[in-house]
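Student: Next come the chains, spelled out residue by residue.
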Amino acid sequence: MDRRSALKVLGLAGSAVTALVSLPKLAMASWAKTAFEARSGADALQNLYGGNATTPSDAVKLKAPDIAENGAVVPIEVETDMEADSIAILIEKNPSPLAGSFNLPAGTKGLVKTRVRMGETTNVTAVVKSGGKLYTTTKEVKVTIGGCGG
Amino acid sequence: MSSIRIKAKERAGVVDVKALMKHPMETGLRKDKDGNKIPPHFIQEVVAESNGAVVFSGSFNTSISKDPYLSFQYGGKKGDKLTLSWTDNQGQKDAETVDVG
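Same order as they appear, the protein sequences are chains A and B. Its first residue numbered 1288, the first sequence is counted upward by one per residue in the working numbering. Its first residue numbered 9, the second sequence is counted upward by one per residue in the working numbering.
Hints are all accurate, no fakes.
Within a straight-line C-alpha distance of at most 27 angstroms, the following computed DSS-like cross-link-like pairs (lysine-lysine) qualify:
#1 Lys-101/B <-> Lys-17/B
#2 Lys-41/B <-> Lys-1380/A
#3 Lys-1320/A <-> Lys-101/B
#4 Lys-30/B <-> Lys-1396/A
#5 Lys-1396/A <-> Lys-17/B
#6 Lys-89/B <-> Lys-1396/A
#7 Lys-1396/A <-> Lys-85/B
#8 Lys-1350/A <-> Lys-74/B
#9 Lys-86/B <-> Lys-1400/A
These are computed hints drawn from the structure, not numbers from a lab.
Bound-form chain A, shown alone (with noise of 0.2 angstroms):
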């Protein structure tokens, strides 16, 4: 067997080993598990709300540092006075994009404050659901050490 056929080989059993480990995460029922393993916010977004069309709005307030010294502790805040029912916050560059996403029953405000992870100078976006549609800022945070990793 020549050195390329050998790597394959690896690597298929690689994908294979990966599998069978990912399988016990099957558990949490109500945790998105495709949105939140899915490689690209486009992907995150169908899968959370089955749909990733987004219009850019001001009216999705997103406030995070121009430069995160420590890109282990983020301080992320989405704001909006629509009629929300779900925020969701994506980190473009992180392996997994989407870091997490909030239901906002009736009475609830527009309003999210978390801290997040990020490993390199990226992009944020901020996601509101309201009426059934996506609207969107993003922002980009500039990291000078990484959070991920280590």
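Given chain A's structure and the hints, the job is docking chain B onto it.
Tutor: This is chain B only, laid out in the frame that chain A set:
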């Protein structure tokens, strides 16, 4: 002692909640000093309930920082009970109840 610390304050009919959950939030991507992968261990679900109704819920991914911080606001009043609970990917759970001040 609970892993959750909650501050819930009402002003003009709106309860402002600030919560800190003590949790490692392991991504599954890190390696220990021997080069072995540290398995993922992170909070997946957070639910806040008051007077028997869910007032806020959310799902976290591994991108949420260690010891997650979460803040939100909902319509309520002083003296209400607010319960916040989390469940992680290993099935561990915790919950804490406070009086809205």
